[in-house]
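**Q** Counted from 1, the sequence shown has number 45 at position 38 by this note's numbering; the numbering is strictly sequential.
Keep in mind that a hint or two might mislead.
[As the list claims (entries may be wrong)] Calculated pairs, DMTMM-like style, for lysine to aspartate or glutamate (alpha carbon to alpha carbon, straight line, at most 25 Å):
(1) 14 to 37
(2) 14 to 39
(3) 22 to 39
(4) 31 to 12
[To be verified] Label-pair restraints from in silico Cβ distances:
(5) 49 to 20: 15 to 23 Å
(6) 54 to 31: 25 to 33 Å
(7) 56 to 20: 41 to 49 Å
(8) 53 to 28: 37 to 45 Å
(9) 30 to 10: 36 to 44 Å
(10) 53 to 24: 18 to 26 Å
(11) 16 to 55: 41 to 49 Å
(12) 28 to 51: 34 to 42 Å
(13) 13 to 34: 27 to 35 Å
(14) 9 to 39: 18 to 26 Å
(15) 22 to 50: 36 to 44 Å
(16) 53 to 20: 20 to 28 Å
Quick caveat, the hints were computed from the structure, so don't treat them as lab data. We put the CB at the ideal spot given by N, CA and C, even for glycine.
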Amino acid sequence: KLLDEFKGHALHANKISFIHPKTKKQVTFEIELPNRFLHFINSISAIYE
């Protein structure tokens, strides 16, 4: 049921790095998990406690 209520893809990278093709420098982006992911993780964790 939790998966049925989850909208969109269940894939998220909180950190991604790559070498910029022109500058040849490493570029890194970081972001917190979206609230819908946190809610989903907390809901699953509660089931298995």
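**Q** Each hint: holds or not?
**A** Each hint, compared with the structure:
no.: 1; hint: 14 to 37; verdict: holds (22 Å)
no.: 2; hint: 14 to 39; verdict: holds (18 Å)
no.: 3; hint: 22 to 39; verdict: holds (9 Å)
no.: 4; hint: 31 to 12; verdict: violated (42 Å)
no.: 5; hint: 49 to 20: 15 to 23 Å; verdict: holds (20 Å)
no.: 6; hint: 54 to 31: 25 to 33 Å; verdict: violated (47 Å)
no.: 7; hint: 56 to 20: 41 to 49 Å; verdict: violated (27 Å)
no.: 8; hint: 53 to 28: 37 to 45 Å; verdict: holds (44 Å)
no.: 9; hint: 30 to 10: 36 to 44 Å; verdict: holds (41 Å)
no.: 10; hint: 53 to 24: 18 to 26 Å; verdict: violated (33 Å)
no.: 11; hint: 16 to 55: 41 to 49 Å; verdict: violated (23 Å)
no.: 12; hint: 28 to 51: 34 to 42 Å; verdict: holds (38 Å)
no.: 13; hint: 13 to 34: 27 to 35 Å; verdict: holds (30 Å)
no.: 14; hint: 9 to 39: 18 to 26 Å; verdict: holds (21 Å)
no.: 15; hint: 22 to 50: 36 to 44 Å; verdict: violated (24 Å)
no.: 16; hint: 53 to 20: 20 to 28 Å; verdict: holds (25 Å)
When the structure is compared with the earlier hints, violations turn up for hints 4, 6, 7, 10, 11 and 15 and for no others.
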